[in-house]
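2 protein chains.
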Amino acid sequence: MVERVSNAHGDVEEVANVHEVVNTGPIRVPGGLRIKRAELAEKLLGSWPEIRRSARELAAKPEIQRIEGQSMDEHRARVFGQLKLLVEDGQVLRAFPKRLGGDEDAGGNIAGFEELVLADPSLQIKSGVQWGLFGAAVLHLGTQKHHDAFLPGIMSLEVPGAFAMTEIGHGSDVASIATTATYDAATQEFVINTPFKGAWKEFLGNAAKDGIAAVVFAQLITQGVNHGVHAFYVPIRDEQGQFLPGIGGEDDGLKGGLNGIDNGRLHFTDVRIPRDNLLNRYGDVAPDGTYSSPIASPGRRFFTMLGTLVQGRVSLDGAATTASALGLTIAIRYADQRRQFTAGSDTDEEVLLDYQRHQRRLLPRLAQTYAQTFAHDKLLRQFDEVFSGRADTDDDRQDLETLAAALKPLSTWHALDTLQECREACGGAGFMNANRFTSLRADLDVYVTFEGDNNVLLQLVAKRLLSDYSGKFRKADAGALARYVVGQAADRAYHGSGLRTLAQTLGDFGSTARSVGQLRETRVQRELLTDRVESMIAEIGQKLRHASKLSKADAAALFNSQQNALIEAARAHGELLQWEAFTEGLESIVDADTRRVITWLRDLFGLSLLERHLEWYLINGRLSGQRAQAVTAYIDRLVARLRPYAVELVDAFGFAPEHVRAPIATDGERQRQEEARAYYAALRESGEAPVDEKVLRDREKAAKKRQIA
Amino acid sequence: MVERVSNAHGDVEEVANVHEVVNTGPIRVPGGLRIKRAELAEKLLGSWPEIRRSARELAAKPEIQRIEGQSMDEHRARVFGQLKLLVEDGQVLRAFPKRLGGDEDAGGNIAGFEELVLADPSLQIKSGVQWGLFGAAVLHLGTQKHHDAFLPGIMSLEVPGAFAMTEIGHGSDVASIATTATYDAATQEFVINTPFKGAWKEFLGNAAKDGIAAVVFAQLITQGVNHGVHAFYVPIRDEQGQFLPGIGGEDDGLKGGLNGIDNGRLHFTDVRIPRDNLLNRYGDVAPDGTYSSPIASPGRRFFTMLGTLVQGRVSLDGAATTASALGLTIAIRYADQRRQFTAGSDTDEEVLLDYQRHQRRLLPRLAQTYAQTFAHDKLLRQFDEVFSGRADTDDDRQDLETLAAALKPLSTWHALDTLQECREACGGAGFMNANRFTSLRADLDVYVTFEGDNNVLLQLVAKRLLSDYSGKFRKADAGALARYVVGQAADRAYHGSGLRTLAQTLGDFGSTARSVGQLRETRVQRELLTDRVESMIAEIGQKLRHASKLSKADAAALFNSQQNALIEAARAHGELLQWEAFTEGLESIVDADTRRVITWLRDLFGLSLLERHLEWYLINGRLSGQRAQAVTAYIDRLVARLRPYAVELVDAFGFAPEHVRAPIATDGERQRQEEARAYYAALRESGEAPVDEKVLRDREKAAKKRQIA
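For the record, the sequence lines run as chains A and B. 1 is the number of the first residue of the first sequence in the UniProt record's numbering; add one for each residue after it. 1 is the number of the first residue of the second sequence in the UniProt record's numbering; add one for each residue after it.
Just to be clear, a hint being listed does not mean it is correct.
Lysine-lysine pairs mimicking DSSO-like chemistry, simulated, CA-CA at most 27 Å apart [as the list claims (entries may be wrong)]:
id : chain 1 : residue 1 : chain 2 : residue 2
1  : A       : K549      : B       : K705
2  : B       : K701      : A       : K549
3  : A       : K552      : B       : K701
4  : A       : K705      : B       : K549
5  : B       : K98       : A       : K463
6  : A       : K705      : B       : K552
7  : A       : K701      : B       : K694
8  : A       : K701      : B       : K552
9  : B       : K705      : A       : K552
10 : B       : K552      : A       : K552
Think of the hints as simulated: they come from the structure by calculation, not from any bench.
With these hints in hand, go ahead and build the complete structure from the sequences.
What follows is the structure in structure tokens.
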């Protein structure tokens, strides 16, 4: 047993030399601290705890939940029926205007929406299509006349609708969509057209079956001028569910997941809609065809319009984090019961979670899920600031979009990675549909490419970082830039040539413990993570600094040569944001024992980030080889130290049995083991237990030896 | 255009300084070499080309293929029907004795079996259950009386059967299964019993519905002695499909994939079978109950019995590689057509595969798939040597098992990773079930945990490596070990303290090109990869060297502290084996241009392995920071250089349209783009094309300037 001394980190074992420790077996830290579950659980619920609790109550109802194994048609029908239950419940309407029955609560609306993933991701995304995309487009891109005319039907589900933006030919590049809305002043109508197959609207929820209207994004053309992408409210089906004249479509059919949603394609041939159906908040056409907009620059106008739809990305960040938390809840509870192989004893088999590899597989992912939980709450608060109007300057909106674009890729990829690791960690049982992983993973798969492809989003983030970087020098004289460049070069020589590495090595030599001591300091982790982002961006910035002097083709080629590095820099930025949020969240925990355990978890997250990018820290002279080894050694110790708290840490997510619903997350495995143990005990007692052949052989050998002797 | 000079690697650009190159944009290497598709394709087909071609012909038949979207019951019924078609076709019976209608062709049988994954993984695995597990157990664990009595019914599918080894409580740890077969000399019968719930047989294909017999693994008890796990032939259902007396079971129901297979549970209560139903090749019971075995040691006997079932692992390595190749064929063909965003031009959008990130995502995975293809062929030849009896000493069998245990984890994980990356690289289209990725991935998911959990298999490999390592010293005197340890310590000081790093850095300084020049050498890649495996094992070996002096519990704890490192060492070993096989395969390519391109692909594989583990090479002083950067820079150049050949490289896998079956892998995307281009051209020609608002604004600004001037 290790003596507990209360210092800043609460772990006195640091003083020991790690190499010593590793060579004499792992430290077995008893789980002697008491986590205050209630405080921690409340912290994890974030800034809208009541709303989340209320949404979870809803998600706990069987009639809201998925029935696994339904056919696509059955699943679609069930989910559409569930949407009606959501309307009755009313929570999903929080974002809409009070005068129409909403709450005008943008942040709370997303908080509640995210929890629906616990019931069925198809239900979540289908309701997202109806109220978060179709409805939100009318709300944010339309004006009061549209709200009055269209929102009541949308809110009540009388008018299910599609959000018709993506086309077969253009997904990520929305500005290049080819559908046209040409104004006809003679009839005061817009004429919607799909000029070719590539311009068919594609992957639209509600399009294959349920939608009777759509918000259609199209190039607005009036008086011979194309004013770029605008949104139009377009009825698409009649009361019998038949397409209106000029409209056609196809069912996308079976998908890799989310089969409760009727995704499909739509196309338009000379479809006429009244002038008033242009959602005209950011651009309008007068009866005579004159175009006007409150935003003069077409580019800024386009990005402002798209920016109103950021909530999709925000909510996926939250939902993906919730799904990861659920997966870990199941896998860690099972790993805490399941036994396989005897190792340290002749009779008792080891619990899976006592194996180092198993800890290594699950606990760093738990740490990241915690980080994401805190980071997401920060994102959601920022979203609420902007959409409540409390802080919605252009800069605020851009910051929000950059933050969402940085976090959503990391958390959605993390969900797939985590659910897969959980499924594998549970072996064959993890592959059974009833245990949730495979089904959740299949449904969440598309989260990484829809609402902004992850790789494209990270490039947006990188470009923002680059422009911030170059902004430092925009107003400076040429001398400042030159000095900066020289400084960078010196930095490179110093870091890169191994000089600093060597000095650090000599200082550290023989004492991994001292290295560890530094690595667990908040300040050191922050410096290392921040330094990496800044250095990566600066390095790319320098490589791209002459781009503006090149031909367009050469500049593009140069940019392309840095594409991979740019995306990695953006990822590093997102990781830093997650770490910062985790650190902030941690500091607000009152209970000392709880804060100590969560500090270890934050350290595990920070150190895992360092380990993931260790080669960068080594190449760039930020860590010596000695210290880099300490990173891995310390992670090994942190996972062992956190292991006794693992179940409490997932329990703090607060999922009820109705949310978990996985047989392996119950006590069944433990009960089976007790039954087996009782059987063997009784057998031994009966005196009828067969002797093991091996034991017999050993006895015979011993007897022979005695005979010879 | 780059001048082509014929040197060992055929790439003269190496002479240039990489930093220069990166700073002035990427090199655009024209695809000037001609790949000899026929030679390459033949090489990829491996040692049983005719059999693979013939199996692919079978897999190209619609009636053998999966119908997506079927319910579980429909899918099960279809697959069972397809098994009958396989019997009619006869290919799946190649491994069985000639006198019973087989070919006694172990290797060819697996080669053909693997190709069935192209039709439907459920069909593949269901046929694997029937003939590769149930049938193979009778073949390899039984004797002639069993062959004569049982094989004809198994081969004809008259007797569908289950392979009842795994239990709810014990999967990876087969030795600990709890089902008993107790000999009753009075009736000359074995009595099969499931003593408790944890001993129920679990996850068995054919158990839920179709199976009428099973090979049941149970602890053989006779005359009060437990002789360990043996296999028994047990009828389980009558002609009406009802369980026989004493037998019960459950349907596992829906799974994450492979839903064409009826997995289920079985339990036994006092089920009596004749003494002759013991599959008695490695252990027999005389009528009076006396046990005998040709293998005296119970441990060796157990591993020999399990070893006969290695073909499952072997075949999964091949099937996973084939599935990866198929995924890459689809994704790379699409990436070669699909365009998104204009970058280097005002009108033409970029083809996805011209983006660096896209190359980075797909081409290293293609390189690994090639490596696996060559490595698998080697494995299969070794398997054939052993199972044909040409080389089946204990050592041969152990080598085969170690090789299979090293390769299967890497290739099955690679399949999941590759299919996922392919799906994401195709965006929303990749998520459509019709485009194959999601369905294939779901089916292959369980390949990473069945037939040996990947993490467990890698530990077996690591233990073998460790025992080879300690074997070096077993016969040496204590002095030899001491000298070795001292040598290691010196090596550590030399590598680890940065001394060697520094020397290398100074030598390399300013010339990444020279570093690259070395890294592309076969010898250098081999040395770096080999050194890593050996050093990792030696380091762990040293840490564990006192384990035998510790108590069992302490030794287990010590071992556990190295578990993660052990698994990583085994992975490094598997990677080296893949690299070696790729290198051997490459050297046998006759055509010079083809060999050159494939050499780049091998270099990409080798360098990708170095990049993946760069931190190890840096920490241990094997690569300087400068050289480590060259690894990444060279990979960037290799992917660009290979890009023009990417489609040819996947076409060489030789899949017919009937195997590919993905709409996005056809020419549809290109045709849609041509339609769009023609539309815009005609519009421009008509003079009725709307003017872009941006263009208009630019014109207005220019006009205003002129007015002011």
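Hints broken by the structure, by number, lowest first?
-> Of the numbered hints, 5, 7, 10 do not hold.
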